[in-house]
Amino acid sequence: MPKVRIPTPLRQYTGGDSEVEVGGDTAGAALDDLTGQHPDLRQHLYTGDGKLRSFVNVYKGDEDIRYLDGSDTQVSDGDELSIIPSIAGGSAKGSAGRRCR
Amino acid sequence: MQTREPLVPSPNGAVKLSNDEISRYSRHLIMPEVALGGQKQLKQAKVLTIGTGGLGSPLALYLAAAGIGTIGIVDFDVVDESNLQRQILHGTSDVGRPKVESARDRIKDINPNVNVVVHEEALTSENALDILKDYDVIVDGTDNFPTRYLVNDACVLLGKPNVYGSIFRFEGQASVFWAEEGPCYRCLYPEPPPPGLVPSCAEGGVLGILPGAIGTIQATETVKLILGIGEPLIGRLMLYDALGMNFREMKLRKDPNCPVCGENPTVTELIDYQEFCGIPQAAAAEEKNGVPEISVSDLKGKLDRGEDVFVLDVREPHEYEVANIGAKLIPLGELPERLVEVENNGGEIAVYCRSGVRSADAVRLMQDAGFGNVYNVEGGILAWSDEVDPSIPKY
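Taken in order, these protein sequences are the chains called A and B. In this note's numbering, each number is its position in the first sequence, counted from 1, plus 517. In this note's numbering, each number is its position in the second sequence, counted from 1, plus 20.
Isolated chain B, as found in the complex:
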């Protein structure tokens, strides 16, 4: 049944299944591809899931149900209301709890036989090798470029497979990066995009069901690697389009010039991934090109006193529909053509968006167009909801 060397050798007599476990896993045990030996391999296996969010949720749930013996979880965040649309490890009653705690409870409830190892910390260049080294498979369910490159490089240095998945709006990608047998993430994308050019899920949104599809592909690949069955996604990039409802497959090649897994690697230890991804540089540039700001409480004070302040909302109409404070709406993309609609009589102009990023762009654009007295509302409508008017919903 095996098509390749299993990642976890059959433990035979060293691992036993109780009668309860035999009942629990009966649908596996009657399949020749898994059977008793395979179920013991799963029990012997140690899988690390990095992130317990959108991808980490279906992953951890299915791996637990399938009988993976040890599941490590890395996360330092707490459960937020806005997670519940897709992060099915966590429930409404978990809001405010550390994600690793609610994940551990949920995994234990599904399958008390799983040994859950909690790493309630951020994965960093300092701790990554130490955390990853004890696991057979690493599953990447993170959401940002610095951590993705960190996970990739750590896996290459340790010789471990990295089961990759990534999502945006209606599209997902999945692959298995394993430098010992094929390309790594850097062979596919040698460098990350500069900060701000590619929107994150928090900025761009994601269909709540999408991580379910990609996370279960990652879980499937993990189990296949452990058992040594089927054809893994090594050297292939699976693309999923939920709107068109199609899967496509691209060929991946190992890059002989890859800086980490190529013939003459230049990256031989973990580096500063924030720096590599241009995060501090972008922050410094932003500080230098900073725009004048106004706090939500100062803005409220001015409006209450009847001062001459023109308030401009530069979000999209569908966001305005969710929450607004009655201001003039001109989406950022339409602003250059619609500047005439903004009163430029010397009074103050306060520009806001959801959190303050787009409105900073709008302020720069308006300054360039000759507007004086333009201020960015710090923290956007989210801050307004927190500090001025809690009846405004946050999204």
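With the rest of the complex left out, here is chain A:
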């Protein structure tokens, strides 16, 4: 089965698991299976109308699926999908730019 690597900020929605084995033979099906196993993840990965959020990138191996076949990208046993969300941390709270809030 392919597996999906879960980044730290999203592990709270997978019961702390850093890797989840999934079914499906495309990236889209694999992510569907992932969010089926962990429903709370869904809103963090997809917009309301079912599009992958633009601050979440999914890689197969070291390639962004946007530059493969997107959610139709073929995956098979032993493939590794990685979810790479944008993170902003670096210093104290808003110290260099204008404070968020």
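If you are wondering where the hints come from, they were derived from the structure by calculation, not from laboratory data. Note that this is a predicted model, so its numbers are computed, not measured. Warning: the hint list may mix true and false statements.
Unchecked claim - Under 8 Å between C-beta atoms, here's a sample of chain A residues computed to sit facing chain B: (1) 524; (2) 526; (3) 571; (4) 584; (5) 606.
All C-beta atoms, glycine included, are put in the ideal place defined by N, C-alpha and C.
Following the hints, put chain B in place on chain A, whose structure we already have.
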């Protein structure tokens, strides 16, 4: 030795090293990849570090020690006790001082040959191009999305490399965004997450050592770019996982449809990045969906008078262990299943967390579940410590 065009051309005779500098940099001078010419390039180089926090600290320290001639620092914050766990530019005696001042003193102490240029202001769309334009390399050590997109766009518009690093809990990312040679930050992430969906370091925490690993990668990339040696992280995203202790590398591509560095850019000047990141919209929505609040002093008064107030703490047990005021603890995530444990006899319910964000969610959840008289304790346990009981530690 050079594998690419150096960012700073060799100044040859235009820059001289004193005998003291030659002694100081001897471990560089005996390496053919740096040598006398490279050390002069470093001395000629101007590097801007945006932020003097977790990432900016190791960056500025190593760049200073390495002999970068001019280091600019941008920050408007003051040193806080909670910075010291990771921001090694600043010391205990600096608490309360402007960060740029303590950073300048520390850099000068490490290497008095460095010309430190202080920008004690917030980086904004109005001043960014003016501040960035005089530097060879920009190093992004900020902590929020609006400033990251601002730094990226300003670097693309000015044609400058942006040495990127970002951290969260046990994980870090690093890359070199340089639109002239590869992708920019927007090619990787066209849009930021909506406010509140991704926790910041202040909310999510960060291992104090983590920025050391990522900041030194940024410093390494900066020196490599200046000297034109090695393979820079252009078009590659380095991922570091401190718990698994592994590095992974992802390929990045330049997006031909990128709004700022693509073939038909729509962003041709700096925009309002607060707006772009949805900050004012989120604040307005919050105001509209505001929950009833109670101040810590009012709550204290009610408790002292023996009024019927049920106080609920919705933080996590490990936070409760650090500081608590003896209230009932039900972590926010468990609240929906444990509402029966909250007395709903018509009396007032005051809900608090660390600073008031999670407890506002809890109040909304309880209102939806039919609880009346539920109040969010404004400012959370931090405000309680400030205004009611200073013996409660702040974290």
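Results of checking the hints against the structure:
Satisfaction of the interface hint for residue 524/A is found here, the shortest Cβ-Cβ separation to chain B being roughly 6 Å, below the 8 Å cut-off. The criterion of a C-beta within 8 Å of any C-beta in chain B is met by residue 526/A, whose closest approach is roughly 6 Å, and the hint holds. For residue 571/A, the shortest C-beta to C-beta distance to chain B is roughly 4 Å, which falls under 8 Å, so the interface hint holds. Hint status for residue 584/A relative to chain B: holds, with the closest Cβ pair at about 5 Å, below 8 Å.
For residue 606/A, the interface hint holds, since its Cβ comes within 8 Å of a Cβ in chain B; the closest pair sits about 4 Å apart.
Hint compliance for this structure: every hint is met.
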